[in-house]
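I would like the entire structure built from these sequences, with the hints used as guidance.
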Amino acid sequence: MNGDHVTTESGTGIVHTAPGFGEDDYNVSLSYGLDVVVTVDGRGIMTENAGPDFEGQFYDKITPLVIEKLGDLLLATEQISHSYPFDWRTKKPIIWRAVPQWFASVSKFRESILSEIDKTNFKPSWGQTRLYNMIRDRGDWVISRQRAWGVPLPIFYAEDGSPIMTKEVIEHVATLFEEHGSVIWWERDAKDLLPEGYRHPGSPNGEFTKETDIMDVWFDSGSSWNGVLNGRTNLSYPADLYLEGSDQYRGWFNSSLITSVAVKGHAPYRSILSQGFVLDGKGEKMSKSKGNVITPNDVAKQYGAEILRLWVASVDTSNDVRVSMDILSQVSETYRKIRNTLRFLLANTSDFDKERDKVAFEDLGSVDQYMLITFNQLVAKVRDAYDNYDFITIYKAVVNFITVDLSAFYLDFAKDVVYIEGAKSLARRQMQTVFYEVLVKITQLLTPILPHTAEEIWSHLQQEEAEFVQLTDLPEAETVENQEELLSLWTSFMTCRDQAQKALEEARRQKIIGKSLEAHLTIYASPAVRELLTALNSNLAQLLIVSQLTISDRPAPADALSFDDLAFTVNRATGQVCQRCRRTDETVGNHPNEKLATICANCANILEMHFPETLVHGFE
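Quick note on the working numbering: the sequence shown kicks off at 162 and runs consecutively.
Do not rely on the hints blindly, as some may be mistaken.
[Unchecked claim] In silico DSS-like cross-links for lysine-lysine, where the CA-CA straight-line distance does not exceed 30 angstroms:
{"hint": "1", "residue 1": "Lys542", "residue 2": "Lys280"}
{"hint": "2", "residue 1": "Lys328", "residue 2": "Lys269"}
{"hint": "3", "residue 1": "Lys252", "residue 2": "Lys449"}
{"hint": "4", "residue 1": "Lys425", "residue 2": "Lys269"}
[Claimed, not checked] Here are the in silico distance ranges between beta carbons for each label pair:
{"hint": "5", "residue 1": "Ala638", "residue 2": "Val565", "range": "17 to 25 angstroms"}
{"hint": "6", "residue 1": "Gln463", "residue 2": "Arg299", "range": "44 to 52 angstroms"}
{"hint": "7", "residue 1": "Ile255", "residue 2": "Lys451", "range": "17 to 25 angstroms"}
{"hint": "8", "residue 1": "Val198", "residue 2": "Asp477", "range": "46 to 54 angstroms"}
{"hint": "9", "residue 1": "Gly437", "residue 2": "Ala351", "range": "40 to 48 angstroms"}
{"hint": "10", "residue 1": "Pro254", "residue 2": "Asn501", "range": "52 to 60 angstroms"}
{"hint": "11", "residue 1": "Arg299", "residue 2": "Leu390", "range": "23 to 31 angstroms"}
Since the hints were derived computationally from the structure, they do not count as laboratory data.
Note that the structure is predicted; figures quoted are calculated from it, not measured.
Positions of the beta carbon are idealized from the N, C-alpha and C atoms, including for glycine.
Set out below in structure tokens:
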């Protein structure tokens, strides 16, 4: 580097085969540079090759001199702005110099490399085409670099300039490196690095020099499979997976493939998973100089590390992704929803003993069975997504189940069961059975993404044998015989429920009701729909969260909200509000025991059966 510019070397060369580099039918060729006229040195100063008029001048200062020398031969001059290469570290413009380099030729085994790419599994799938095209179109690999540090090229030169790369010499150097480290190359003279008594016809006086170039770091890292996996009994080779950024199709994925196929005849990996880069909220590359960097520590301080993990799962990491504090704030709201829902499940299973109180699947209510079937579909989907590193699918599926299936439906009417029914009643134990199974298994499903939250929940699940959730396996999806029939039945009901909610919302807009529990909902249904609703064998008023429900076979009135095969009208429910279940009921105030006069007959029956002490102390 000199002045305001950085010099970068490139080169051309003739092929020189390196004996003993490969094995079997594979071989890698190395080459060294031809004599090419170079007019500028490493400091950017013009050399004698540039001529006496320019020698010693800094290359960027000779433009006026060139114009002067051209004289009348120059017809015109003009300054233009154009794209120009800059050094990514120093941000200074680059000049290219042709200097001697060592190359590795892949032409002799290119087809073998391409064949191994076809055998490799890629995530995302477009990575296969990208790497294939790079190998198909690439030229010789420049493996030498002119740097002050790095792994040296184990090459010697005889007095006549002949390169020395015999198997004997390279293995001797490798033994020295293994014993002393590669730094020995810089600590010893050439003759002390060669085998004792070594002779070469190109050095009649026994004088040798050593290469000062270092090896391309991608050649170095591309050989990591040999140092890490090959020959170790506790690790498999090839590796199951190579994971890196999308830029490594040109780097580590590429160099590892070439070196492994050259030496072993096959790829060093069975699968490749690549990910994009993190950009700021505007889609620009993060840079300290721009001041748009968001550090994980800052996020952890403000939101906690779990939010960062959840954000990673929420984006398509196969491409570049944007992140900002506003985006992370939105993810924190999703996390809060997940956490609060699981806290609700945990709180409402505190008196549930899974050995004593669990209800068999066939004895569950129809809606409880539907929820377990739906949840096991989630388990299957998440398991498959984990197997395919598809974390965004996991995020969407889990969040949808928690917010739509659980919170917006099942748990929405669950309060009318777990808070109202008797503590040991069948209806409550049925729902608690679903709560507990969902809580345990969804905690296990979330463990890879939200490990701290999962362990916090697990610490309260004292009935589970494993001390830590990390010591458990992901749950297996379960199926039942009548699964498809139940799913079809309840999927049809959910459509009916959506339509009923529209009718209730319209009634709220017209000030007919406030809360849905103030409503008397009438459903005008076709015979097929009435058969469907009967087949549910459920408390439909409870599922729809209305106080009174009528299913009518009469024609719908003109003011009904109509759909294809059913219609709805909403009126205000008659009676008084029960102080216990908050339903509007005509039986409120009719109980002979004045202590139970403020509650409905259903609540009174529950208290008389499960909480007889209220008959003495009254209900508050």
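Status of the hints after comparison with the structure:
no. : hint                                : result
1   : Lys542 / Lys280                     : 26 angstroms, holds
2   : Lys328 / Lys269                     : 20 angstroms, holds
3   : Lys252 / Lys449                     : 13 angstroms, holds
4   : Lys425 / Lys269                     : 15 angstroms, holds
5   : Ala638 / Val565: 17 to 25 angstroms : 19 angstroms, holds
6   : Gln463 / Arg299: 44 to 52 angstroms : 45 angstroms, holds
7   : Ile255 / Lys451: 17 to 25 angstroms : 22 angstroms, holds
8   : Val198 / Asp477: 46 to 54 angstroms : 51 angstroms, holds
9   : Gly437 / Ala351: 40 to 48 angstroms : 47 angstroms, holds
10  : Pro254 / Asn501: 52 to 60 angstroms : 56 angstroms, holds
11  : Arg299 / Leu390: 23 to 31 angstroms : 25 angstroms, holds
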